[in-house]
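Chemist: So the sequences go chain by chain: A and B.
Take 82 as the starting number for the first sequence in our numbering and just add one per residue.
Take 21 as the starting number for the second sequence in our numbering and just add one per residue.
Here are some chain A residues the structure puts well away from chain B; computed CB gaps all over 12 Å: (1) F92; (2) F94; (3) L112; (4) G136; (5) D168; (6) F170; (7) E175; (8) P187; (9) I190; (10) R259; (11) T271; (12) L274; (13) Q286; (14) G305; (15) M315.
Stretch by stretch, here's where chain A covers chain B in the computed footprint (C-beta under 8 Å, at least three residues): (16) 97 to 105; (17) 110 to 120; (18) 146 to 153.
Since the hints were derived computationally from the structure, they do not count as laboratory data.
Even for Gly, the Cβ is constructed at its ideal location relative to N, Cα and C.
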Amino acid sequence: MQQVRRIFGVFIFLATWQAIIAFGWVDAFLLPSPLQVTRAILDMVVDGSLWGHIGASLQRVLIGFALATFVGLTLGFLCGAVPWVADLFKPLIEGLRPIPPLAWIPLAIVWFGIGNAPSYFLVFIGAVFPVFVGTFSAVRGLDRTQINAALCLGATPWLLFRDVIVPPTLTMVFPALRIALGIGWMCVVTAELIAAQSGLGYLIQQSRLLFQIHNVVAGMAVIGVIGFAMGLLMEKLERRINHWSPGQRDQA
Amino acid sequence: MNMSVSPGAILQSAASLSETRAESHIDISGVCKVFKGRKGETDVIALQDINLEIRRGEFVALLGPSGCGKSTLLSIVAGFQQPTSGTACQSGAVIRAPHVSRTVVFQDFALFAWMTVQKNVEFGLKAKGVPYPARAQQALELIRLVQLTGFEDKYPHEISGGMKQRAAIARALAPDPDILLMDEPFGALDAQTRVLLQEEVARLTSDNGKTVIFVTHSIEEAVFLADRVVVMSPRPGRIRTEVAVPLARPRTADMRTDPWFVQTVHDLWEMLKPDWKDKE
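I would like the entire structure built from these sequences, with the hints used as guidance.
Modeler: Next comes the structure, spelled out in structure tokens:
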């Protein structure tokens, strides 16, 4: 039943949109109808150009996200566990965090030129802070008593880390990773609008210059669908890894 | 005061024991613990000059109202905290860090929420390097001992408070420690579950020769379980008196109606009342 409602919601939206165009309430040049957009997507699928753009964007987001995950987890963990490391890095990080990724674009172009590198950088900037904050809070929130329990049971540092510190930390780190990937996906498109010659952002920008508004909307729709799919995938992974957590079971 | 064993006599017997050092298992001498106050606040003396000697195989209850430092003292013996001055020794060696020869049962269970009951109980064995099928077998045996058979694959949030504490006791017994430290283990449980678990602990500890320190604020619980009740009082935390319990082991439910038991619980309550009132 829930599934039916979910599909029905999207269907109503698309039908209304189609109707608005069909009745001529909005100029079809300014807003192509869902059918036109679907046709545009299918055309790009058939001529193969869409796959190239999707591939380029995905590759960029994954590399940037991997970098952000590595740096965010490491720094978050160190700052959460070692107070003097937190003193050293926390103010700097909190000062850099409010700068929107968009504001980094000029520097990114100056430093890295046009191509993949500015996209990696921008995804990294967008994704690293949520990962850091999630990890930091998770480590700070660890139950001291459980660590003591593990120590008095003779846990070696490695066992303590793997079996006692990592699992409860993941309940907070995973939602942070999911949010970070979502932001990263937005950042890669932003970067491609300005500083790339391929990818979904580039497709949108290029189509605008050619007044191919149906391709602009097609690009946007593909971005939305892929972002949605990535979110679902992360949620599924999260549920599998944190299956023991009561909160996870309730939302399943 | 009308106690069949006077505190003085107990202290004397403790002093004579210290001469036969071989028997002394835990030796707490001159332990003070001061918590530094924050800016503008005064320091808190949690423990002041604590001297306590515990024999191998002895069951000692630390009894007192909250704020008397009994949990702090336990935490020092566990090795989680260091005393500000003085030493806590185990078989003559100063305790500086937690060790698997002294396992702890906590008031809030401290079970690993991401592990099943089985995996929780196995943890200490895994840390010891006991290989897989063997440690699973040993854990099952302990789970049977604490009467949790059938709940091996449950996660902690799926079982009741009493069951959680049974699991935590099995986990603490698994590495076969010399010393079992219990920090108000039944404080979070309802009265009926408490009574049942007290009898369980009486049964589990009567025959395996482990030294037990049991922190509680329940007079009845202390007298029912311990060979010796060490009464502490707050501000600053110090040992006020000791009572030896002459009841035979293992303790059984009917001992709760023994005249000596009833009288001792009554006398201790009369003595401790002012401390409790103070707290209110």
